[in-house]
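2 protein chains.
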Amino acid sequence: MIFIDACFGKKTPFTPVWMMRQAGRYLPEYMKVRSKAGDFLSLCKTPELAAEVTLQPVDILGVDAAILFSDILVVPLEMGMNLKFAAGEGPTFSNPILTKDDLNALEVDEAAKKLEYVYQSIKLTREKLADNKALIGFCGSAWTLATYMIEGGGTKTYSRVKKLLYSEPDFLHKILIKVTEVLKLYLENQIKSGVNAVQIFDSWANALEEEAFFEFSWRYIQDLCLFLKSRYPHIPIIVFPKGVSGYFDKIEGSFDVFGVDWSTPIKLAKEKLGGKYVLQGNMEPTRLYSKKAIDKGVEHIVDIMQNERHIFNLGHGILPDVSVENAKYFINLVHNKTKI
Amino acid sequence: MIFIDACFGKKTPFTPVWMMRQAGRYLPEYMKVRSKAGDFLSLCKTPELAAEVTLQPVDILGVDAAILFSDILVVPLEMGMNLKFAAGEGPTFSNPILTKDDLNALEVDEAAKKLEYVYQSIKLTREKLADNKALIGFCGSAWTLATYMIEGGGTKTYSRVKKLLYSEPDFLHKILIKVTEVLKLYLENQIKSGVNAVQIFDSWANALEEEAFFEFSWRYIQDLCLFLKSRYPHIPIIVFPKGVSGYFDKIEGSFDVFGVDWSTPIKLAKEKLGGKYVLQGNMEPTRLYSKKAIDKGVEHIVDIMQNERHIFNLGHGILPDVSVENAKYFINLVHNKTKI
Chain X
0 MIFIDACFGK KTPFTPVWMM RQAGRYLPEY MKVRSKAGDF LSLCKTPELA AEVTLQPVDI
60 LGVDAAILFS DILVVPLEMG MNLKFAAGEG PTFSNPILTK DDLNALEVDE AAKKLEYVYQ
120 SIKLTREKLA DNKALIGFCG SAWTLATYMI EGGGTKTYSR VKKLLYSEPD FLHKILIKVT
180 EVLKLYLENQ IKSGVNAVQI FDSWANALEE EAFFEFSWRY IQDLCLFLKS RYPHIPIIVF
240 PKGVSGYFDK IEGSFDVFGV DWSTPIKLAK EKLGGKYVLQ GNMEPTRLYS KKAIDKGVEH
300 IVDIMQNERH IFNLGHGILP DVSVENAKYF INLVHNKTKI
Chain E
0 MIFIDACFGK KTPFTPVWMM RQAGRYLPEY MKVRSKAGDF LSLCKTPELA AEVTLQPVDI
60 LGVDAAILFS DILVVPLEMG MNLKFAAGEG PTFSNPILTK DDLNALEVDE AAKKLEYVYQ
120 SIKLTREKLA DNKALIGFCG SAWTLATYMI EGGGTKTYSR VKKLLYSEPD FLHKILIKVT
180 EVLKLYLENQ IKSGVNAVQI FDSWANALEE EAFFEFSWRY IQDLCLFLKS RYPHIPIIVF
240 PKGVSGYFDK IEGSFDVFGV DWSTPIKLAK EKLGGKYVLQ GNMEPTRLYS KKAIDKGVEH
300 IVDIMQNERH IFNLGHGILP DVSVENAKYF INLVHNKTKI
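One line per chain: the protein sequences are X and E, in this order.
In terms of numbering that gives the first Met the number 0, the first sequence has 22 at position 23, counting the first letter as 1, and numbering is strictly consecutive.
In terms of numbering that gives the first Met the number 0, the second sequence has 73 at position 74, counting the first letter as 1, and numbering is strictly consecutive.
In isolation and in its complexed conformation, chain X is listed as follows (with noise of 0.2 Å):
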C-alpha cells in the first residue's frame, strides 16, 4: 500500500492523500445514509452503515485511505459516561467525572468489549476496501478525552481540568492512566480487525503550557505508542497533537507520522521534525472553497515537501459546506503534482 509505505518513509510513486472527516457530511451520499441511521451516534453503532461511509471518500474522491467513521467520544461512552450529541450543540456528559468514585465506577475490560460495534465496523471495510488502500484507524489522545469527561462536554476555558490540573494533579493522572489502558485495548483490537494504520488526534493538545502538555498529553500519548510499537511495529503510528508548534524542540517518541496542523507553517514542522519523523498535512481546509486557492495550498505545499517524506492532508476536517467536486479537484491534484 502507497499509503503504508509512505507511512514508513518509502519512496512512493505519488505522495498519497487522505482528508480529515472525508467521511462527512459535505458528501451527499453520507447525508443519505446518515439519515437512515437516524442520528450520528446510531451511525457509529451501526457497523454496515459505518462501513459505507467510511468506504465512500475512497470511491468518489480516489483518496489512498479510508479513515474508519467513528468518534473519538465513544470510548468514554462505553466506559461508562452519559454521552448525548444534541443537534447544533457540541457533545455532553451529564455525568462528568468529579469524584474518585465517578473515576472508579468507569469500566476498562469491559469498555473495550463494548466497542465490538467499531471492530465489526473495521472488518465489514476491509473486507470491502481495496487491497492497495489503507484503512487507518483512531483514537483520541487521553488528555483530550479526559478534558471532555471533566468539563462534561466541550470548553473555551478548561476551568475543571485545569483546577484538577494544579489543585489534584495525582487525581488527573489517574483519570488519565485509566483511559490510556482502554486505549491500549481500543487500538489493538482494532488492528486485530483490520486496520492498516493508527491516528491518535490530541486535539486539545493546545490548552497545556510547554511542561504540563509533555507531563499531561505526550506522555500518555507514548504510553500507547510504545505499547502499541512493541507488539505490532508493522502497524504506523500517526499523531496529531494541534497547536503545539511551539513545543516542536522536544517533540520525540515511538510514531512514523507527525500530523501538522494547518495553522503551523510546513516549513517550520519541516524544519525541526521533517528529519525524524514521516510528515502528514496541512492545507489549509477553507482552501477547499475555491479551485485557485486550492492550487496555491498545493503548490506551496509540494514546494517545501518535495524529495521530504509526506503524506498530504488537510490540516484540520474538512468542512461541510466544501464542494464535492472541489474535493476531488484536490486529491487529483495532489497526485498529479506529485508524480515522478
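To be clear, the hints were calculated from the coordinates, so they are not data collected in a lab.
Treat the hints with care, as some may be off.
Put simply, identical chains are the same to the list, so a pair is met inside one copy or across any two.
Claimed, not checked - DSS-like cross-link-like pairs, simulated, lysine-lysine; straight-line CA separation at most 25 Å:
1. LYS155 / LYS83
2. LYS155 / LYS269
3. LYS127 / LYS162
4. LYS9 / LYS112
5. LYS10 / LYS275
6. LYS266 / LYS127
7. LYS338 / LYS327
8. LYS266 / LYS249
9. LYS290 / LYS155
10. LYS155 / LYS183
11. LYS291 / LYS155
12. LYS162 / LYS10
13. LYS290 / LYS173
14. LYS295 / LYS173
These numbers come from a predicted model, not from an experiment.
Once you have looked at the hints, place chain E on chain X.
Positioned in the frame of chain X, the structure of chain E alone reads:
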C-alpha cells in the same frame, strides 16, 4: 510612570504588571457597577461607570496600569452595525457585511465621533488615576474586527471571511482599509483624551496562515502603528496577535511591546523577539486558581525574563471564577520577585 518606562525598555525598580480583562466579572465591585448599568454595552457607554470599573483593579489589586473598560466591537457598532450581546452567547451583528453596499453604508468620521463616550471614559479615568499609574487604551485589529463584521459574530470555521479572502481579496482589503481608517481616528482620539499607551488586540490572528496573516492582518496593524508613531512617538504601542508563534521570524514593525499569549513558550518569544521588542505576558490564566500554580508560573517566567525587557501579564484574559485573593497574590508576587 514605571509601566511606560518598561514599554520603552528602560530599567525599572520592578517589573510592572497588569492583567488583560482585569476590570471584569471576578471582582464583586465590578458586578455591582455592572448591575447598576444594566447590560454590558450600557456599561461601555456610560463614562462614569466605565471609568469606575477601569479604576477598580488599580485600587483593589495594585496593578501598574489600568486598561480602559470597553469592548473592541464598539468600533463596528458605531460604524453602523447592529451589535447585540445576548446573555450566555457571544456578540452578534444582525447585519453582517455581505455586499459592497453594506460596506459603503458604514461610517468612518461619524463613527470616530460617535465613540465620544469612550473618550469621556478616558478623561474621567485619567483624572482620578494616580499619576504614577498608566492608562492603556486599545482597539481590535482590522482583521479581527472585519472577521466579526463579515461572519456576523463569533465563528469556529471562519467560512464567510475565508471565502471572501480567496474569492474577493480586493473586497476584503477594502473592508480592512475602511476599518483601519476608523481605528486611526479612534486611537488618535484616545491618545488626545489621555491614554498613555495603546494595545492592539488581534484575537483572531491565528485564523490566518502565515502569508495571509501578513497580508490581511499584520499589514493593517502596521499601517495603524506607523500612523500613530509618526504623530505620537511618546505613546508606546503594544501589539497582541494571538497564536502566531510559528511566524515570529517575520514579525517586525513600528511597535514597542509584543504581547505573548500563554500558548507560546516565553523562552521562544525571548529568543525570537526579545532582542528587538519588550515582551509582555504570559502566565497561563488558569494558574490563578491555585497559589502553588501561581508560584510556579511566576517563577518560571521570572527565571527566563530576568534582566530582559519585560512587562508581566497573563497570556489571555483573567477568568470570571478566579478569586480576588489569588489575583492580589499574583500581583504582589510579581512585584516582590522582580524588585531590584
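Evaluation of the provided hints:
1. LYS155 / LYS83: both (19 Å within a copy, 21 Å between copies)
2. LYS155 / LYS269: neither (30 Å within a copy, 27 Å between copies)
3. LYS127 / LYS162: neither (47 Å within a copy, 37 Å between copies)
4. LYS9 / LYS112: neither (35 Å within a copy, 64 Å between copies)
5. LYS10 / LYS275: within (16 Å within a copy, 43 Å between copies)
6. LYS266 / LYS127: neither (38 Å within a copy, 51 Å between copies)
7. LYS338 / LYS327: within (17 Å within a copy, 61 Å between copies)
8. LYS266 / LYS249: Both ways: LYS266 and LYS249 sit 17 Å apart in one copy and 13 Å across, limit 25 Å.
9. LYS290 / LYS155: between (33 Å within a copy, 22 Å between copies)
10. LYS155 / LYS183: Answer is neither; intra-copy 29 Å and inter-copy 32 Å both fail.
11. LYS291 / LYS155: Cα proximity of LYS291 and LYS155: across copies only (23 Å, versus 34 Å in one copy).
12. LYS162 / LYS10: Classified as neither; 47 Å inside a copy, 36 Å across copies.
13. LYS290 / LYS173: between (48 Å within a copy, 23 Å between copies)
14. LYS295 / LYS173: between (46 Å within a copy, 22 Å between copies)
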